[in-house]
Every structure is written in structure tokens, then in C-alpha cells.
Amino acid sequence: MASKFTRSNGTGWLMAGPAVALIAAFVIFPFFFAIALSFTNQRLISPNPTEFTGFANYSQLLGVSALTLDPVRDDTGAVVLKDGAVEYPALRAFTRKNPDYPHLDGMREWFAFDTPFGGDARTFVLARDVVFMKAIVNTFLFVLVVAPVQAGLALCLALLINQRLRGINVFRAIYFMPVVVSIVVVSLLWRLIYDGSSGLLNSLLGALSFGLIPPIDWLGDPSTALGAIIAMSIWQAVGFHMVIWLSGLQTISPTLYEAAAIEGASKWQVFRFITWPGLRNTAVLILIVITMQAFGLFAQIDVMTSGGPLDSTQTIVFQAIDRGYGKQDISGASAISVILFVIVLSISLIQRWLTREKT
Amino acid sequence: MAMISGDNHGLRLAVRYTVLLLIALIFIFPLVFMVMSSLKPDQQLLVDASSLRAFLPVGDISLNNYLAAFERAPVGLFVFNSVLVTGVTVALSLLICSAAGFAFVFINWKGRGVILSVLLATLIVPFETIAIPMLLMVSKLPWLGMDGLTWGWLNSYHVQIIPFIADGLTIFLFVQYFKDLPGELIEAARVEGASWWQIYRRIVMPLSGPILATAAILKFLAMYNQYLWPLMVTQEEGYRPVMVGLQYFFQLNIAWGEVMAYLSLITLPVLGFYLYLQKAFIASIASTGVKG
Numbered sequence: 013m014a015s016k017f018t019r020s021n022g023t024g025w026l027m028a029g030p031a032v033a034l035i036a037a038f039v040i041f042p043f044f045f046a047i048a049l050s051f052t053n054q055r056l057i058s059p060n061p062t063e064f065t066g067f068a069n070y071s072q073l074l075g076v077s078a079l080t081l082d083p084v085r086d087d088t089g090a091v092v093l094k095d096g097a098v099e100y101p102a103l104r105a106f107t108r109k110n111p112d113y114p115h116l117d118g119m120r121e122w123f124a125f126d127t128p129f130g131g132d133a134r135t136f137v138l139a140r141d142v143v144f145m146k147a148i149v150n151t152f153l154f155v156l157v158v159a160p161v162q163a164g165l166a167l168c169l170a171l172l173i174n175q176r177l178r179g180i181n182v183f184r185a186i187y188f189m190p191v192v193v194s195i196v197v198v199s200l201l202w203r204l205i206y207d208g209s210s211g212l213l214n215s216l217l218g219a220l221s222f223g224l225i226p227p228i229d230w231l232g233d234p235s236t237a238l239g240a241i242i243a244m245s246i247w248q249a250v251g252f253h254m255v256i257w258l259s260g261l262q263t264i265s266p267t268l269y270e271a272a273a274i275e276g277a278s279k280w281q282v283f284r285f286i287t288w289p290g291l292r293n294t295a296v297l298i299l300i301v302i303t304m305q306a307f308g309l310f311a312q313i314d315v316m317t318s319g320g321p322l323d324s325t326q327t328i329v330f331q332a333i334d335r336g337y338g339k340q341d342i343s344g345a346s347a348i349s350v351i352l353f354v355i356v357l358s359i360s361l362i363q364r365w366l367t368r369e370k371t
Numbered sequence: 005m006a007m008i009s010g011d012n013h014g015l016r017l018a019v020r021y022t023v024l025l026l027i028a029l030i031f032i033f034p035l036v037f038m039v040m041s042s043l044k045p046d047q048q049l050l051v052d053a054s055s056l057r058a059f060l061p062v063g064d065i066s067l068n069n070y071l072a073a074f075e076r077a078p079v080g081l082f083v084f085n086s087v088l089v090t091g092v093t094v095a096l097s098l099l100i101c102s103a104a105g106f107a108f109v110f111i112n113w114k115g116r117g118v119i120l121s122v123l124l125a126t127l128i129v130p131f132e133t134i135a136i137p138m139l140l141m142v143s144k145l146p147w148l149g150m151d152g153l154t155w156g157w158l159n160s161y162h163v164q165i166i167p168f169i170a171d172g173l174t175i176f177l178f179v180q181y182f183k184d185l186p187g188e189l190i191e192a193a194r195v196e197g198a199s200w201w202q203i204y205r206r207i208v209m210p211l212s213g214p215i216l217a218t219a220a221i222l223k224f225l226a227m228y229n230q231y232l233w234p235l236m237v238t239q240e241e242g243y244r245p246v247m248v249g250l251q252y253f254f255q256l257n258i259a260w261g262e263v264m265a266y267l268s269l270i271t272l273p274v275l276g277f278y279l280y281l282q283k284a285f286i287a288s289i290a291s292t293g294v295k296g
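Protein chains in written order, with the numbering used here: chain Z, 13 to 371; chain E, 5 to 296.
Just chain Z, same shape as in the assembly (with noise of 0.2 Å):
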């Protein structure tokens, strides 16, 4: 509206200037404040000034490098032996004050591999930090793992829903239940329920094998503690994209519908090409929503895991509170802070631009 009459400055400025100073004050300015924040050596309460310190802290969390070592040889030049296993030269040797290695000092293990194509040689991949290390790979996994699953399932839950049956309102607000309950809770309620001993998931389990499936302590132990968690987050937050994908299901137009019925149309041949290509949009913007929300992941870990057992289940935003909150050290998870926002910024700008509209 361009009229003279809806022109007016200083009321423009009164009516958004509190919401406008809000959002700079608390979103804004801490965003940039981060920034700033993590080339220093800040902590929460301190008795010496800050200091600039340049890409230190991200040094700190992002140094990796590769060692290639040939097996410790005995005077006949033969491998030696221990334990069955072929011995290495200790990495503590190249990582403690070695003068000949010195960009290696202070790093710990991460992972090693055989050399492909070395023979009896060995890489081993160090990491300055190798915590924050797999706190990354964690959260990759998890979104990777959740974003495409999590959309699937809301989706079949949507189509589900989406039909006209009595009494489906009521199935669609059951499904939609656990959104409401704070994550806090639902990652305490399925402690008890993935609980290793008494858990109601191992009683179901054995009742439906007969005893052949063995108790798992899901939560304890490193190789399912991470998948419990996905399974739960999954479980309390596909209601919520089961509602977006429905509102996109219903701008469809029936008359599509109709028309396909007249053409004789299967059922998939009704997906394939009416339902999907509507849902385009939707899908594009539930699958942005959810690699956001998943990389945020927080609570579950703080509530159930703390990270443990063996670091399986630490993840960015955890280490990044455990660092500035937990050890005081804001640079430091300032500097995690940073890491996350352009990992989420590159990802949403990828997803964006590999399903752009293609004219």
C-alpha cells in the first residue's frame, strides 16, 4: 500500500521498534558476539583479561592429521608379534615434544586403518581434540539417520491419516501426542522403558522371541546407545511433520484426484504423479526443518547419556554447552558454536540448491 495515507515514519518505527530491538539484542548481537568471541581466550568468570588469540580455538577443535607407521621389526627384519597382533611403535613417541614432529604434539589417536597398498603399514589418523571429533560424527550420523527416516515415516503417517474414515481425527491426535510432552520428559520415561535390566523394551523383546533375544542394556552400551536415542527422538517428534506434510496433502486439488480415477490410475501411479510432485514444496521444507532441529540435539544426550558411554553419543551442541557452561570455557564453545552454524548453514543452502525448482 503506497498511499499517502497509510505513510507514517515514526509509527512504523514505534509499532515494530520493541520486537525490532529485541531480535537484535537477543539474536543478533550474540550471533556476532560469538564470532568475536571464539578468536579470544574468554571464559565465564575470570580473573585475566581477554586476549585475542586468532584461530586458536578452532586449531584446538579441528586439528587432525596422519601418521603412517611400519611395523616395529626385530634384528632379522621380521614383524614382531604381540598378543597375536602386529606391534606399531608407540604414538606417544611421535606426540610428546618430539622435535622432529612438532605439529603432532598433544595429539591423541582418533582412528587408524592398514595403509592400502603399504604392506604391513598402518595410518593412524590423529586429532587434537578427538572428543569433538566424534561428537561430530555423531551428529552427522544422527541427522542423517533421522532426517530421512523421520520425513519417511511422517509422511506414511500423513497418508495414513488422510483418509476419510470415522473417527480419524482421534488417530491423528494420539500420533500427534508425544509433540506436546517436553523431550525432557520423553528422554526420563524411555530410560526406564531402554533400561538394561527391568526396561519394558527387553520384557517386550523376549515375550516376542521367547526368550531368545537376550536383555541389552540399550542405553549403556556403545553400540546401541546412539540408535535408542534416534529411535526415541524419532518416536516423539514424527507427529509434528505428520501435521506439515497433511496441510500439504490438503492444498492438492481433488479434481486431480478425480481425474486419475477416471484414467484408471493404480495407486502408486496416484503418488508417483499427483501426490508427489504437490508435496514438493512441503518436502523441501520439512527436510530443511528437520536437519535444523536434529542438529540441535541436546537434551536426550543431557538427560539420558551425558554423552557416554565411551563418548558414543556426544554430539556438538553437547560438547558446546559441557565447554561453555559445564568448564566455563566460552571461546572454546564459542568457537563450537561457529562450527555448527556453518555446517547448518552449508547443509541447508546444499538442500536448497539440489531440490531448486529446474526450469
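Everything labelled a hint here was simulated from the structure, so no lab data went into it. Each hint should be verified, as a subset may be incorrect.
Some chain Z residues judged to face chain E by a derived CB distance under 7 Å, without partners named [claimed, not checked]:
#	residue
1	23
2	52
3	196
4	210
5	213
Computed Cβ-Cβ distance ranges for the label pairs, DEER-style [stated by the list, open to error]:
#	chain 1	residue 1	chain 2	residue 2	range
6	Z	156	E	25	47 to 57 Å
7	Z	235	E	152	32 to 42 Å
8	Z	118	E	277	51 to 61 Å
9	Z	117	E	216	35 to 45 Å
10	Z	271	E	117	38 to 48 Å
11	Z	161	E	128	17 to 27 Å
12	Z	178	E	148	58 to 68 Å
13	Z	135	E	63	52 to 62 Å
14	E	216	Z	174	51 to 61 Å
15	E	128	Z	224	15 to 25 Å
16	Z	219	E	22	15 to 25 Å
17	Z	209	E	63	15 to 25 Å
18	Z	339	E	277	44 to 54 Å
Partial chain E-side listing against chain Z, Cβ under 10 Å, derived [unchecked claim]:
#	residue
19	12
20	100
21	235
As the structure is a prediction and not an experimental result, all values here were calculated from the model. All C-beta atoms in this analysis are idealised placements derived from N, C-alpha and C, irrespective of residue type, glycine included.
Based on these hints, arrange chain E on the given structure of chain Z.
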């Protein structure tokens, strides 16, 4: 022939309902388990968890866990804090974000286009990435309160309220809604000499029932269920909300009966509220998806 197809129809219907019902069980069983367990003594609760009795109010049923929970932690205080923080934030958010939406859609002022795009750009900043610098920031902010000028916002109600009043999503929802209102109406009112405040108060707000409900529900869920922020900013018991209060029950030997009682206590009112306003809740989530 007709009869066979009739039977087929009945069978298909039965299959559909069975599938719907089985899925419903998956979503509802932990919640039933929570409520039933809250009524049982610890010993029985853990034994029952290995059978279907977990979902039934059988055995030694009582409200003892609820009484014990109230003894272990100041539950009433936590509930009061949560209700206060959530209620005040929702009310202020509706006022401030709707006024901003109004200004962006109806009023023609310098800079509105640029500022609106900056506000919408903040939607891609996850809260988790600014939580830590914000913690440092609020620990140093001044506050003029009843004790005069003090420094640092930690351990207060306002530290839990003020940062969450305005957010890009709420403003965006108001903007979308206001765009669909007839703009001629507002322009006509201006021609007639109505003030902006009158238009906001008398014309636009009365037409905004659905969007106010949507924004209120989304804010309510986000605030009541908040965990990370209050965990960091309320080291003192007096200001803690219900989700942080949970920590009182994380002792070495978890008293599961009390935990379940506390969880039921803080969850059932919200679930009841949700079931009562079910259509509005679902519509409000759906409206966040009509961006495309």
C-alpha cells in the same frame, strides 16, 4: 457378488482400523506407562515393567509417590515459576510481535523491507548456536529492579522471559496472516481519520483470533518445555521452572515412582489442554508449514 464385495469392504475397513490402532498404541504406550507407574511403589513398578501389568492400575495403587515428590522438591514453586514465565512471555510476545507484523504489513515506513528480511534471516540461526555467548552477555547486563541498579541477569524471571518475547517465526506468522486481511479496510479507516492505534485495536486485532491462538500455542509449547536455557541461567532454586526441577529426581538411586509422579504432574495438564484444544494445536503446527 454384491455380498462378496460387501464383505471385502468390511474386511478392508477392519484391516485399516487395526493398522491405525496398532500405530496409536506405539504413540500412547509410554504415556500410559508413565501414569500407571506413578501410582505404584518402586519395587512393584520395576517388576510390573516386565509384563502387561505395566499398563494397568493393578496391585498396590496409591498417590504416595505424588506426596513423596512434593516432599523431595518444591514442586509447587517450580510449577508457579513455569506458569509465570510462560504466561508473561506468551502475553508479551503476542502484543509485541503482532504490533510488529502490523507495522510491516499495513504501515508504509522507511526501512521496513530491509528490516523484515533481516528478521526473517534470523530464522536460520538455531538457538543452540547463540546460547553460550548469550549466557555471557546476560551475566553482565544491568537491571533496574526493586533493589535498585544491579548487574547480571542470572537467577531471575526476566532472564527467562525477555530474550524469548520476539522471534522471527512469530512475526512471520503474523505478517502472513495480515497480508490476507483486506488492506482497503485499513486504508478506508485511515481516510476516515482513524489513528493507527485504533485500527490495530479495533479492526485488526478482532479479526486475528486464529493467528493469536496459533502464535500463543507455539510460544506456550516452546516456553513450557524449555530446558537448556533455564538450566544454565537458574542456579538458584527459587527461579527454576518444572523441567529443570526434574534434576531433583536424578539422584544416584532413582526413585522411579516419584519420577513418574513428577512427570505425570507436569505433563498431564498440558496433555489435557492439548486434547481439549486439539484442533487449534494441530492447526497451529500446520500453519508453520505453509511457507513454500
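Do the hints match the structure? See the list:
no. : hint                      : result
1   : 23                        : holds (5 Å)
2   : 52                        : violated (11 Å)
3   : 196                       : holds (5 Å)
4   : 210                       : holds (4 Å)
5   : 213                       : violated (10 Å)
6   : 156/Z x 25/E: 47 to 57 Å  : violated (32 Å)
7   : 235/Z x 152/E: 32 to 42 Å : violated (57 Å)
8   : 118/Z x 277/E: 51 to 61 Å : holds (54 Å)
9   : 117/Z x 216/E: 35 to 45 Å : violated (60 Å)
10  : 271/Z x 117/E: 38 to 48 Å : holds (41 Å)
11  : 161/Z x 128/E: 17 to 27 Å : holds (23 Å)
12  : 178/Z x 148/E: 58 to 68 Å : holds (60 Å)
13  : 135/Z x 63/E: 52 to 62 Å  : holds (59 Å)
14  : 216/E x 174/Z: 51 to 61 Å : violated (28 Å)
15  : 128/E x 224/Z: 15 to 25 Å : violated (48 Å)
16  : 219/Z x 22/E: 15 to 25 Å  : holds (20 Å)
17  : 209/Z x 63/E: 15 to 25 Å  : holds (20 Å)
18  : 339/Z x 277/E: 44 to 54 Å : violated (39 Å)
19  : 12                        : violated (16 Å)
20  : 100                       : holds (5 Å)
21  : 235                       : holds (8 Å)
Going down the numbered hints, you'll see the structure goes against 2, 5, 6, 7, 9, 14, 15, 18 and 19, while the others check out.
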